[in-house]
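Protein chains in written order, with the numbering used here: chain A, 7 to 397; chain B, 187 to 786.
No lab work stands behind these hints: they were computed from the structure. Note that the coordinates shown come from a computational prediction; the quantities given were computed from them, not determined experimentally. There could be a bad hint or two in this list.
Partial chain B-side listing against chain A, Cβ under 10 Å, derived [what the hints assert, rightly or not]:
#1 T414
#2 R616
#3 I619
#4 V620
#5 D712
#6 R747
#7 L751
#8 E753
#9 Q767
Virtual Cβ for every residue (Gly too), placed ideally from N, Cα, C.
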Amino acid sequence: MSVPTSSADLGIYVHIPFCERVCPYCDFSVEAVGQLDRELERAYVELLLRELELARADLRERLEGRRLATVYFGGGTPSLLQAASIERLLRAFSEVFRGSPEEVTLELNPGILECGRVPAYRDAGVTRLSLGLQSLHDLTLKRLGRAHTAAEALRGLEACLVAGFPSLSVDLIYGAPEQSEVELLMDVERVIELGVPHVSAYALTLEPGTPFARAHAQGRLRLPGEDEGVRMGCLLRARLAAGGYVQYEISSFSRTGHRSLHNQRYWCRQDVLGLGVSAASLLGELRFQNLKSRSAWRALLEAGRRPVEEAEVLSQGDARRETLYLGFRRLEGVSRADFRRRFGAAPEAFFGAELAELRSFGLVCDHAGRLRLTERGILFADEVFLRFVGR
Amino acid sequence: MEQIRNFAIIAHIDHGKSTLADRLLERTGTLKTRERVEQFLDKMDLERERGITIKAQTVRMRYRTSKGQEAVLNLIDTPGHVDFHYEVSRSLAACEGALLVVDAVQGVEAQTVANAEAAVAGGLAIIPVINKIDLPNADPDRIMREIEDIVGISTERVVCISAKTGEGIDELLEAIVARVPPPTGDAEAPLRALIFDSWYDPYQGVAMLVRIIDGHLPADATIRLLSTGDEHNVALIGMLSPELCRIERAGCGEVAVVMAGIRDPLSVQVGDTLTDAARPASEPLSGFQQVQPMVWSGLYPTDSGSYEALRAAIERLQLNDSSMFAEPETSEALGFGFRCGYLGLLHMEIAQERLEREYSLDLIITAPTTVYRVKLRTGAELELHRPSDLPDAGAIEEVLEPRILARIHVPTEYLGRVMQLCQERRGVQRDLIVHSDRRAVLRYELPLAEVLIDFYDRLKSATRGYASMDYEILDYRKEDLVKVDVLVNGESIDALSLIVHRESAYRRGLALVQALKKHIPRQMFDVAVQASIGSRVIARLNVRALRKNVTAKCYGGDITRKRKLLERQKEGKKRMKRVGQVEIPQEAFLAVLSVGTKKR
Numbered sequence: 007m008s009v010p011t012s013s014a015d016l017g018i019y020v021h022i023p024f025c026e027r028v029c030p031y032c033d034f035s036v037e038a039v040g041q042l043d044r045e046l047e048r049a050y051v052e053l054l055l056r057e058l059e060l061a062r063a064d065l066r067e068r069l070e071g072r073r074l075a076t077v078y079f080g081g082g083t084p085s086l087l088q089a090a091s092i093e094r095l096l097r098a099f100s101e102v103f104r105g106s107p108e109e110v111t112l113e114l115n116p117g118i119l120e121c122g123r124v125p126a127y128r129d130a131g132v133t134r135l136s137l138g139l140q141s142l143h144d145l146t147l148k149r150l151g152r153a154h155t156a157a158e159a160l161r162g163l164e165a166c167l168v169a170g171f172p173s174l175s176v177d178l179i180y181g182a183p184e185q186s187e188v189e190l191l192m193d194v195e196r197v198i199e200l201g202v203p204h205v206s207a208y209a210l211t212l213e214p215g216t217p218f219a220r221a222h223a224q225g226r227l228r229l230p231g232e233d234e235g236v237r238m239g240c241l242l243r244a245r246l247a248a249g250g251y252v253q254y255e256i257s258s259f260s261r262t263g264h265r266s267l268h269n270q271r272y273w274c275r276q277d278v279l280g281l282g283v284s285a286a287s288l289l290g291e292l293r294f295q296n297l298k299s300r301s302a303w304r305a306l307l308e309a310g311r312r313p314v315e316e317a318e319v320l321s322q323g324d325a326r327r328e329t330l331y332l333g334f335r336r337l338e339g340v341s342r343a344d345f346r347r348r349f350g351a352a353p354e355a356f357f358g359a360e361l362a363e364l365r366s367f368g369l370v371c372d373h374a375g376r377l378r379l380t381e382r383g384i385l386f387a388d389e390v391f392l393r394f395v396g397r
Numbered sequence: 187m188e189q190i191r192n193f194a195i196i197a198h199i200d201h202g203k204s205t206l207a208d209r210l211l212e213r214t215g216t217l218k219t220r221e222r223v224e225q226f227l228d229k230m231d232l233e234r235e236r237g238i239t240i241k242a243q244t245v246r247m248r249y250r251t252s253k254g255q256e257a258v259l260n261l262i263d264t265p266g267h268v269d270f271h272y273e274v275s276r277s278l279a280a281c282e283g284a285l286l287v288v289d290a291v292q293g294v295e296a297q298t299v300a301n302a303e304a305a306v307a308g309g310l311a312i313i314p315v316i317n318k319i320d321l322p323n324a325d326p327d328r329i330m331r332e333i334e335d336i337v338g339i340s341t342e343r344v345v346c347i348s349a350k351t352g353e354g355i356d357e358l359l360e361a362i363v364a365r366v367p368p369p370t371g372d373a374e375a376p377l378r379a380l381i382f383d384s385w386y387d388p389y390q391g392v393a394m395l396v397r398i399i400d401g402h403l404p405a406d407a408t409i410r411l412l413s414t415g416d417e418h419n420v421a422l423i424g425m426l427s428p429e430l431c432r433i434e435r436a437g438c439g440e441v442a443v444v445m446a447g448i449r450d451p452l453s454v455q456v457g458d459t460l461t462d463a464a465r466p467a468s469e470p471l472s473g474f475q476q477v478q479p480m481v482w483s484g485l486y487p488t489d490s491g492s493y494e495a496l497r498a499a500i501e502r503l504q505l506n507d508s509s510m511f512a513e514p515e516t517s518e519a520l521g522f523g524f525r526c527g528y529l530g531l532l533h534m535e536i537a538q539e540r541l542e543r544e545y546s547l548d549l550i551i552t553a554p555t556t557v558y559r560v561k562l563r564t565g566a567e568l569e570l571h572r573p574s575d576l577p578d579a580g581a582i583e584e585v586l587e588p589r590i591l592a593r594i595h596v597p598t599e600y601l602g603r604v605m606q607l608c609q610e611r612r613g614v615q616r617d618l619i620v621h622s623d624r625r626a627v628l629r630y631e632l633p634l635a636e637v638l639i640d641f642y643d644r645l646k647s648a649t650r651g652y653a654s655m656d657y658e659i660l661d662y663r664k665e666d667l668v669k670v671d672v673l674v675n676g677e678s679i680d681a682l683s684l685i686v687h688r689e690s691a692y693r694r695g696l697a698l699v700q701a702l703k704k705h706i707p708r709q710m711f712d713v714a715v716q717a718s719i720g721s722r723v724i725a726r727l728n729v730r731a732l733r734k735n736v737t738a739k740c741y742g743g744d745i746t747r748k749r750k751l752l753e754r755q756k757e758g759k760k761r762m763k764r765v766g767q768v769e770i771p772q773e774a775f776l777a778v779l780s781v782g783t784k785k786r
């Protein structure tokens, strides 16, 4: 339940930009590689280690003596990596930073190959799996362009459950092409029944430039109507709540003790060092993001330079806005006391007009010393965020 | 004075007026071929792009005839479009002759007739010129018959030319010297100069283009404007040849540019008489009949902080375009702006585009409307420039709207379609004259309001561009007119009100509401868009509420990216006008403009 609060600790995000195939709705930095070539894997891990060394040298005063709190292997499909590679990276992290991380998450696809590796990942030090289940229905999986079948997904899920990880999360998608409410409810039912302690449930979003966005624009993609999509979200939230899951963020649901420590670092603006293609970092007032092209990322590293594409130094004002823009994502909201401690005055002192307006629209309310989204605010969170971006 | 020939070229659009001007400049050596820019006289970018002349320009040329006679030719260019009649008549007031240019293929068109009538009325010597005789399908004989039949001018001494190839240009120059009379005027009398154009020079202030009618103007004079009595020391007298050249005096009958360090654009009126303060004339020249703008629309800065910049830009533009009117107005929806009056729709478009281009302003433009006369029950009378000012129906005795007499030149095969269009627009046919087996002239009485909205486009598409039209204001007539208001979530948006005939109220109201619906983004709540007459709703559409608006994922790499997306959204919202709780983008106000201006 607890959120890491020490500014001295650090999270590490490792981006693995490889997938067997690219899903038609995905706009992350990934490349389709089929099976990951051993040589490519080895080379990528080497470069990640080199990036770590460069960051360590370059950002010595920001990184030195940090305690490592969380590690997150995301992608892409990190489970294309062998457990030995994961182990190697974790070992390198523990040589550079103090302590051993409380949470090491690995994103996993429920394919057969990866399922066989599950015990080895546990032995390598992974404490939490995030399984890209999406759906337990063959047709929906197929329409989503996923590589696995429902049966494989279930087998994968069971393998993860029996492997004895301290925590486990599954991704569910709703509002998928031709997906029905009943189908979604059946998926949720199964997840609850199997005792999965954490669920990330995402409304399918048409990201510009993806094949799905194009197909939709051309009328070739039938998505559930807007009303139905909203209804699906409601059904899902109600069912998970009844199943003992607390919605602690817009898309995140957890049973007691299973919140993602690493993800909460983003919404609480705690430091994260990102390694790998396109990985993003926040270190104090410094936000930066790596190059999104693997070849450019590699070229800089080989030249002995950090592969940063853009960096910004956040002002106090930026930090205040971010505190609300990101903090509102958590349903607990933003602690007034924390805000006052950090910025010297109540949120109203800086955002009086914005907050008054949001209250009058019924999007934001006060509860137990915290500012947070209302039920309606959860549906219209971007309207809230909008007030806290820009200058 | 005996050497001077002041003349204009008048023609229908595209009949080659500007090309002819270029050729005259070239042949007289005023402009070297190598430094020639196509259509030199069309100075404004906008004119070159649209291929039309908007502002009259003037240039002085020297010519020696074949008999060795020296002549000074002042060419005063004129616009060809119907909306710029006023400019034409002003230019003609500075001339003794006019070249009536007619295309050797297209023949006589509406503006040929309108301009020729203005020249005849001004007592000018007219030289008929048939241009483009180099074209393979040129038919000068037929064109001559058309000029005689339709314009009513003898073609006995017609000059056939090709401005493109230069053929006939020498004969034309000879004809100008021989047939345009030199100016008359009393060179010994006190100075009287007619201001027939003006513009704003960023360094010199107001520049006045004048025709010296009597007396002469020395470069060291103190001038007096007869209408106001204001006096100014002359800073510079010049002539355009074609660049501005300084001269020591402007003699009787000449055309000159006068600059006197005048900074306030509003203090100079085109049509005013200029005299010498040292020896003033007492009687002003007759000037021009003040035009009545018939088309009005609201002009608002997109960013309310640019109001003062808009005011300054309008004042300077008016100096150069005295037929544009402007008065400050306030809209509940749009804030502070101006209600501007124009001679016609094209004039409006040009003026607005010039403001945006030459003064880098972003504008919101409201739908054009005409001038309505309202008689109240109390006996009082009003002239309305904006529909939202129309009083409640109960207070009104009657509403009169302006009508025009339109003269439409059309190939006979399209007659039916044009008549149908006119009938749809509440037109009444005055007469129909068939001049030959292929040309006819239709005259229709039409409400001006019906012509304002998409009439030209419809006419063009109905006749594949072969029809031409000219009009004059006819009268005001009582009609069953109603005001259609637009309400967004119950709040009336004054800037969108329209006055329409009761019969077309429903159609126009619905079109308005549909256009708005398309442009108002969905909000967190339903937005009702209504058109109403008084309290009766005639059209209603709902902009459905968004059901949700939430970014599903926001992890490390998303934070900056999604923030930038939101920032762009926020910028977009800033440019919207908020009415009540509803955010309305500027395009919505523009969309109303295009209601009907596009083909339905």
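Okay, the hints, checked on the actual structure:
Hint status for T414/B: violated, given a least beta-carbon distance of 50 Å to chain A, over 10 Å. Look at R616/B: its Cβ only gets to about 52 Å from chain A, farther than 10 Å, so that hint breaks. For I619/B, the interface hint is violated, since its Cβ never comes within 10 Å of a Cβ in chain A; the closest pair sits about 54 Å apart. Below 10 Å, beta-carbon pairs count as interface contacts, and V620/B has none with chain A, the closest being about 52 Å; its hint is therefore violated.
With a cut of 10 Å, the hint placing D712/B at the interface with chain A is violated, because the nearest CB-to-CB distance is about 13 Å. Interface restraint check for R747/B: the shortest CB-CB distance to chain A comes to about 8 Å, inside 10 Å, so the restraint holds. Hint on L751/B holds. Least Cβ distance to chain A is approximately 9 Å, under the 10 Å limit. A least Cβ separation of about 5 Å between E753/B and chain A falls short of the 10 Å threshold, and the interface hint therefore holds.
For Q767/B, the suggested interface contact is upheld, since its CB lies about 8 Å from the closest CB of chain A, less than 10 Å.
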